[in-house]
Amino acid sequence: MTAVTSSPVGAPTYETLLRCALAGELGPDPAGLRVAVAFTTRQAVRHDGRGTGYRNEVLGLRVGAAVGSCAVEPGALDDGVVEDCAGAGVDRLLRHPRTPVRVAALDAYLMHVAPHTPEHGARPVRVPAGTSLEKSRARARTVVGLLDLPPGATVLVVGVVNSLLEALRARHLAYVACDFKDGVTEWGEGVVTDALAEAHRCDALLVSGMTLGNGTFEPLRRHALEHGKRLVTFAQTGSAVLPRFVGHGVSAVCAEPYPFFWLDGGPSTLHVYRGGAR
1 MTAVTSSPVG
11 APTYETLLRC
21 ALAGELGPDP
31 AGLRVAVAFT
41 TRQAVRHDGR
51 GTGYRNEVLG
61 LRVGAAVGSC
71 AVEPGALDDG
81 VVEDCAGAGV
91 DRLLRHPRTP
101 VRVAALDAYL
111 MHVAPHTPEH
121 GARPVRVPAG
131 TSLEKSRARA
141 RTVVGLLDLP
151 PGATVLVVGV
161 VNSLLEALRA
171 RHLAYVACDF
181 KDGVTEWGEG
191 VVTDALAEAH
201 RCDALLVSGM
211 TLGNGTFEPL
221 RRHALEHGKR
231 LVTFAQTGSA
241 VLPRFVGHGV
251 SAVCAEPYPF
261 FWLDGGPSTL
271 HVYRGGAR
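For the sequence shown, position 22 (counting from the first letter as 1) is numbered 22 according to full-length UniProt numbering, and the numbering increases by one without interruption.
Don't read these hints as lab results, they were simulated from the structure.
Quick caveat, the model's predicted, so the values are computed rather than measured.
Keeping only pairs whose Cα atoms sit at most 25 Å apart, straight-line, the calculated SDA-like set for lysine to any residue is:
hint, residue 1, residue 2
1, 181, 166
2, 229, 196
3, 229, 197
4, 229, 174
5, 181, 141
6, 181, 192
7, 229, 176
8, 229, 274
9, 229, 194
10, 229, 272
11, 229, 142
12, 181, 99
13, 181, 78
14, 229, 169
15, 181, 77
16, 229, 166
17, 229, 214
18, 181, 200
19, 181, 55
20, 181, 73
21, 229, 154
22, 181, 133
23, 229, 149
24, 181, 48
25, 181, 137
26, 229, 121
27, 229, 152
28, 229, 175
29, 181, 196
30, 181, 169
31, 229, 180
32, 229, 15
33, 229, 145
34, 229, 162
35, 229, 153
36, 181, 203
37, 229, 215
38, 229, 172
39, 229, 219
40, 181, 98
Required output: the full structure, derived from the provided sequences and hints.
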């Protein structure tokens, strides 16, 4: 992750948050905590009735009862990285040369320090049991509901999820779909690859937590802060990291820690954060 050197006064950055965690300023000294379990979760999806599919791979690190996550491009992490993380001190992993490891370690540490509970600012939202598509749509309705935009507004969607686009369409919101994978949406719309280049023509930003892992979160957060735009994140990656930016360029977060909705057909829980900074 590239450090941001110019940020509005008083607004934390990802790098400052990481430094505070390393210094023990957010909770216990990370040198005294170890990752008991490191693993990857791999998924291929093709919902009934949908013409396109996709793949996911997520690095998971467990610290106590908490699991921190960071999505990666499929095949980006070899087994040696996962084995290196198991049993390692959290402080070492917060300094790891691989960005996804640092993100997952920070996520696990922060969730260990401040779990997703009302005491820490989270509002639970239940996702009913159902098929993978039904649960995806239920999550999408919760996420899009956090935008608080009038019909006709345009949303930059960073990290294309067709259920989110479908929910935006249902609310008569226009969107610009952005993803490093480019291609087209389920409705044949072109997908752009440079989010920041498109942000100026959008009224709000809907951003995946994956932006933490690929280094694009900070420029988008700065854009929202400087232009007074709503920025809502849907976070499987960094579900405990992104709530720390609510009130500092992030308007709301739909946090979804491991295990994610797509891993089980039973009911699951999302955790919504909005309002002032934590």
